[in-house]
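Starting from the given sequences, assemble the full structure and let the hints guide the process.
Throughout the sequence shown, residue numbering follows my numbering, covering 111 to 234 in sequence.
Some hints here could point you the wrong way.
To be verified - Straight-line C-alpha distance at most 27 Å; calculated BS3-like pairs for lysine-lysine:
id : residue 1 : residue 2
1  : 204       : 230
2  : 164       : 112
3  : 115       : 204
Treat the hints as calculated values from the structure; they're not laboratory data.
All figures in this text were calculated on a predicted structure; none of them were measured in a lab.
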Amino acid sequence: MKKSKIQIRQIGTVHKTSGSSIKKIEIFPEYSEGLDGLKNLNEIEVYYWMHRLKEKDRGILKVHPKGDPVRPLTGVFALRSPKRPNPIGETRVKIHKIEDNRILVKGLDAFDGSPVIDIKHCRE
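Structure follows, in structure tokens:
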């Protein structure tokens, strides 16, 4: 099977807000039109690049679940481990407020500065 290169476009960035559990997702102006209709939703799924993962950790395919060495090594595709070939994170979040090209959300576990690569409505 032939491997192919793919390109993922960053559509925005995660920013922490001072002293709260609310995080701000700033969508780049060229993608802000894609926010149309978002105000009708209460929750969204945010997909982001786990940019703090070291390159060497992208080759790790088995880990101890939750970092507990008592648990047997398990393949990363059976877990939500950040160590994986493509460090894509996903979190279901509650929309707190939308202001222009900024979405304030609660429950996002991405770090400050994480590149946002997609946003989708939640499946019911």
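Point to revise | Structure versus earlier hints, numbers of those that do not hold, lowest first | key: Per hint list: single violation, 3.
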